[in-house]
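K.L.:
Below are the chains, spelled out letter by letter.
Number of protein chains: 2
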Amino acid sequence: MALRNPKGSDLTPLFDPRSIAVIGLLKEGFFGGYVVIKSLLNAGFKGEIFPVNPSYNEVLGLTVYPSIKDVPRKIDLVLIITGARSVPGILRECVEKGVRACIVVSDGFAERDEEGRRLQDEIVEIARRGNLRIVGPNTAGIANPAKGLIPNPYEMGYEKIKHGAIAVCAQTGMINPQAFPYGDLGYGVSKICDFGNKSDVDECDLMEYLESDPSTKVMTLYLESIKDGQRFLKVSKRVVSRKPVLILKSGRTEQGAHVSASHTGSLALDEQIFDAACKQSGILRLETFRELFELPKIFASQPLPKGNRLGIITFTGGVGVLAIDEGAKYGLSVPLLSSGTRKKLEAIFPGLGKRIVDMGPPMALINNYMPVYSEILKMVTLDPCIDSIFNVIWTGPSGEFMEKYLTIYRELQGSKKPIASWIYGPRLPFVREMTYRLEELGFPVFPDIEMAIKALGMASQYAKTKGGDQ
Amino acid sequence: MALRNPKGSDLTPLFDPRSIAVIGLLKEGFFGGYVVIKSLLNAGFKGEIFPVNPSYNEVLGLTVYPSIKDVPRKIDLVLIITGARSVPGILRECVEKGVRACIVVSDGFAERDEEGRRLQDEIVEIARRGNLRIVGPNTAGIANPAKGLIPNPYEMGYEKIKHGAIAVCAQTGMINPQAFPYGDLGYGVSKICDFGNKSDVDECDLMEYLESDPSTKVMTLYLESIKDGQRFLKVSKRVVSRKPVLILKSGRTEQGAHVSASHTGSLALDEQIFDAACKQSGILRLETFRELFELPKIFASQPLPKGNRLGIITFTGGVGVLAIDEGAKYGLSVPLLSSGTRKKLEAIFPGLGKRIVDMGPPMALINNYMPVYSEILKMVTLDPCIDSIFNVIWTGPSGEFMEKYLTIYRELQGSKKPIASWIYGPRLPFVREMTYRLEELGFPVFPDIEMAIKALGMASQYAKTKGGDQ
Numbered sequence: 039m040a041l042r043n044p045k046g047s048d049l050t051p052l053f054d055p056r057s058i059a060v061i062g063l064l065k066e067g068f069f070g071g072y073v074v075i076k077s078l079l080n081a082g083f084k085g086e087i088f089p090v091n092p093s094y095n096e097v098l099g100l101t102v103y104p105s106i107k108d109v110p111r112k113i114d115l116v117l118i119i120t121g122a123r124s125v126p127g128i129l130r131e132c133v134e135k136g137v138r139a140c141i142v143v144s145d146g147f148a149e150r151d152e153e154g155r156r157l158q159d160e161i162v163e164i165a166r167r168g169n170l171r172i173v174g175p176n177t178a179g180i181a182n183p184a185k186g187l188i189p190n191p192y193e194m195g196y197e198k199i200k201h202g203a204i205a206v207c208a209q210t211g212m213i214n215p216q217a218f219p220y221g222d223l224g225y226g227v228s229k230i231c232d233f234g235n236k237s238d239v240d241e242c243d244l245m246e247y248l249e250s251d252p253s254t255k256v257m258t259l260y261l262e263s264i265k266d267g268q269r270f271l272k273v274s275k276r277v278v279s280r281k282p283v284l285i286l287k288s289g290r291t292e293q294g295a296h297v298s299a300s301h302t303g304s305l306a307l308d309e310q311i312f313d314a315a316c317k318q319s320g321i322l323r324l325e326t327f328r329e330l331f332e333l334p335k336i337f338a339s340q341p342l343p344k345g346n347r348l349g350i351i352t353f354t355g356g357v358g359v360l361a362i363d364e365g366a367k368y369g370l371s372v373p374l375l376s377s378g379t380r381k382k383l384e385a386i387f388p389g390l391g392k393r394i395v396d397m398g399p400p401m402a403l404i405n406n407y408m409p410v411y412s413e414i415l416k417m418v419t420l421d422p423c424i425d426s427i428f429n430v431i432w433t434g435p436s437g438e439f440m441e442k443y444l445t446i447y448r449e450l451q452g453s454k455k456p457i458a459s460w461i462y463g464p465r466l467p468f469v470r471e472m473t474y475r476l477e478e479l480g481f482p483v484f485p486d487i488e489m490a491i492k493a494l495g496m497a498s499q500y501a502k503t504k505g506g507d508q
Numbered sequence: 039m040a041l042r043n044p045k046g047s048d049l050t051p052l053f054d055p056r057s058i059a060v061i062g063l064l065k066e067g068f069f070g071g072y073v074v075i076k077s078l079l080n081a082g083f084k085g086e087i088f089p090v091n092p093s094y095n096e097v098l099g100l101t102v103y104p105s106i107k108d109v110p111r112k113i114d115l116v117l118i119i120t121g122a123r124s125v126p127g128i129l130r131e132c133v134e135k136g137v138r139a140c141i142v143v144s145d146g147f148a149e150r151d152e153e154g155r156r157l158q159d160e161i162v163e164i165a166r167r168g169n170l171r172i173v174g175p176n177t178a179g180i181a182n183p184a185k186g187l188i189p190n191p192y193e194m195g196y197e198k199i200k201h202g203a204i205a206v207c208a209q210t211g212m213i214n215p216q217a218f219p220y221g222d223l224g225y226g227v228s229k230i231c232d233f234g235n236k237s238d239v240d241e242c243d244l245m246e247y248l249e250s251d252p253s254t255k256v257m258t259l260y261l262e263s264i265k266d267g268q269r270f271l272k273v274s275k276r277v278v279s280r281k282p283v284l285i286l287k288s289g290r291t292e293q294g295a296h297v298s299a300s301h302t303g304s305l306a307l308d309e310q311i312f313d314a315a316c317k318q319s320g321i322l323r324l325e326t327f328r329e330l331f332e333l334p335k336i337f338a339s340q341p342l343p344k345g346n347r348l349g350i351i352t353f354t355g356g357v358g359v360l361a362i363d364e365g366a367k368y369g370l371s372v373p374l375l376s377s378g379t380r381k382k383l384e385a386i387f388p389g390l391g392k393r394i395v396d397m398g399p400p401m402a403l404i405n406n407y408m409p410v411y412s413e414i415l416k417m418v419t420l421d422p423c424i425d426s427i428f429n430v431i432w433t434g435p436s437g438e439f440m441e442k443y444l445t446i447y448r449e450l451q452g453s454k455k456p457i458a459s460w461i462y463g464p465r466l467p468f469v470r471e472m473t474y475r476l477e478e479l480g481f482p483v484f485p486d487i488e489m490a491i492k493a494l495g496m497a498s499q500y501a502k503t504k505g506g507d508q
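Sequence lines, in order, name chains H and L.
Heads up: the first sequence runs through residues 39 to 508, numbered per this note's numbering.
Heads up: the second sequence runs through residues 39 to 508, numbered per this note's numbering.
Think of the hints as simulated: they come from the structure by calculation, not from any bench.
Treat the hints loosely; a few may be bogus.
Note that identical chains are pooled: a pair holds if it fits in a single copy or bridges any two copies.
[Said to hold, decoys possible] Under the rule of at most 27 angstroms between Cα atoms (straight-line distance), these lysine-lysine pairs were calculated in the DSSO-like manner:
| # | residue 1 | residue 2 |
| --- | --- | --- |
| 1 | Lys367 | Lys317 |
| 2 | Lys442 | Lys65 |
| 3 | Lys76 | Lys198 |
These numbers come from a predicted model, not from an experiment.
The task is simple: from the sequences and hints, build the whole structure.
P.N.:
So this is what it looks like as structure tokens:
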């Protein structure tokens, strides 16, 4: 496309800048440049920070420069929070200064009105000629937790984000740290990016960057539109062959697409084209907003399965039946366990399990329960008839099994088969604590039975896409 | 069916007994009659409790009787936790004593083996001849929180369940208080019933009982099989015309049905028959286990909508687009707001909303934000073009808006249009607290955008089923 920057894939200055200038609003408040700088300091950003605003001399212990020209050093990344009309002038200064990446938080562009659309065309033109990449406008920005780069323009209520293997990109600020509770999660993320109006940097640029980003093992995207169908198809095909790509696409209905255009200024592409692209490239398609954050977990910390044979360990037959039904949607089958495993299970408790292992009946009757449980979990994990494991955990009325469960899972670290867990129990605090701690250990826990199965189903589908050679 | 009790619908002794006998295991532990009695006492059960066990004289301050014949008073309900083989004899004694309802917690019946199946046939025959209703065997039992009737055989870690309008029935103990955190919920339930093996009391009996139970406004069921397709069709049609019935049916796949048979001893009915029954009677069909507890909330505390026109108030366009797309699945449309509302919104902030109200852009710019927000929420709720409302709440970095939100919602109590809310924010503790408190006020909060929309969609569908005359 004419407007795309020739150096399309080099987003290093965006995600790994050695220096960042923050231009605009420096007043204390819950939104603005002051918050950006505070967030960077809190998150432990190691690079240089240059606040820019003609009305201030100092903010948060940092020297404030009247304009970007006055900053005495090289600037890798500029973040702009000013009125829309002043953005073109600032960008010209950025180009003169040799800046390579800009985050334009300012709104009032194509999403607002005709004047805004003209302004947006103008800044894209400046960027293109000046070899400058723009994220936004109308964006809540980006994050790279490993580098303490959380230039968040909104107060978020926490300081750090765990570093992990999941990249989250979206055409909405709903994935940024002021909206999503990254600070309360047991798992971590590698990169966050809100495209905003996608005037320049778009889903394809991001996929290309993340494809070779060593921190990122899996990427999850929320899209309302695709900027360039042909490029999307080509790029996604290549990227998916290296890393799993999960996408939630909205704007599927005419009315949804219309409203999307009015809030992001982007035009929605025909739904069928996107559908076809998913099928051809092996993109894993999501269905709900929550899945954006849940389903990538299986790829972030677990190995890919070698096949579609699901093992189930539960405390109640009902969950087993639900899991079997759900697994069928994704081509998972629940086979007979190997004769060796079946014999051992039968010796532990009659009828304990042939296909699914139902720990419910023996639970009240077995003395020294946890060692037996541990043995069973390992037995199923090692069973040659099983490729992936759905394990159900009951936390009990007072979380009494938590430490023992964690010990057992620690012994499963490095297992060659993916394990998805679902935790339930009569007291939410224990369910939540156990979820957090298990995810800290690298074992994904899903909020629903069905989502755990979907995660394993997607892992199996992706393994097939990749040729099953992992 | 031959085995069905003639006095099919009278389950009053089961859910509202004046006296209950608990037969079997009285040893302290996390399972058994001791726990049942402790749970009844903790929950404040007002009726008489008669422990029965020949080896004890007293338990928890109550006299223990050697056998049921020795209990000097009338017994309405008997709960049995003994070995399977002793159950027929006990039931004969119950019949002699004039007992009308029994909960058989004991397992080892049709779900175990052939001998168990014969035992189960035997107890059903005893019940039928003796005019006795049986829940189970192999059940975790029932509950009626309004009466302090929580005869739970498993330690649950909390004492009370809030009384509410939702009845939860299932062919699994996963809905009972030892598995689901009723004690941590802002909303309440009217009745809980685990059918277990469904040897006698089944889904139709429950629907008939709940149909005329004044506490129950909505019923939600998890089924793996239907005992009698013809009766199910007839009963559900009549019940649905009075109260909404939500069903999650598993055992949909052949393998799932097979495993279901092995853990409940019930045969699964052809999936297509159930499908047809749902369509003919207007049963609302669920897709995930979590929906069993979430979706009925819209019926429990909110009025039915008069039509399918959805109003959306959000802080971000992306959520609006997702909501519109999702609504289309359930026939919800998102209309232009009335010209009066649109004018007022435009006066508050340019572009604030024509179809969806996006509070994001003005949020940072409006002084005295909450009164304006309150005005907008009321304006949309009263808009003549709108039948139901999806409201999105952002709790902020420190839950600072919580009290004000609650005040605003208090003013919406008694609204004639259903409101479904979704809460998000950067800190989970505030999201959770706000969810709890809003549900205490009677406003359902859904864990997902899509589920909130589905709830409103189902409310709209049900209103249509009922003739839209509510």
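K.L.:
With identical chains, the pair Lys442 and Lys65 could be close in the same copy or across copies; at 27 angstroms between alpha carbons, which is it: within, between, both, or neither?
P.N.:
This pair counts as between: shortest inter-copy Cα distance 25 angstroms, intra-copy 50 angstroms.
K.L.:
Is it within, between, both, or neither for Lys76 and Lys198, if the alpha carbons may be no more than 27 angstroms apart?
P.N.:
within (12 angstroms within a copy, 45 angstroms between copies)
K.L.:
How would you classify Lys367 and Lys317 at a CA-CA limit of 27 angstroms: within, between, both, or neither?
P.N.:
both (16 angstroms within a copy, 22 angstroms between copies)
Every hint, counting from the list given before, is met by this structure.
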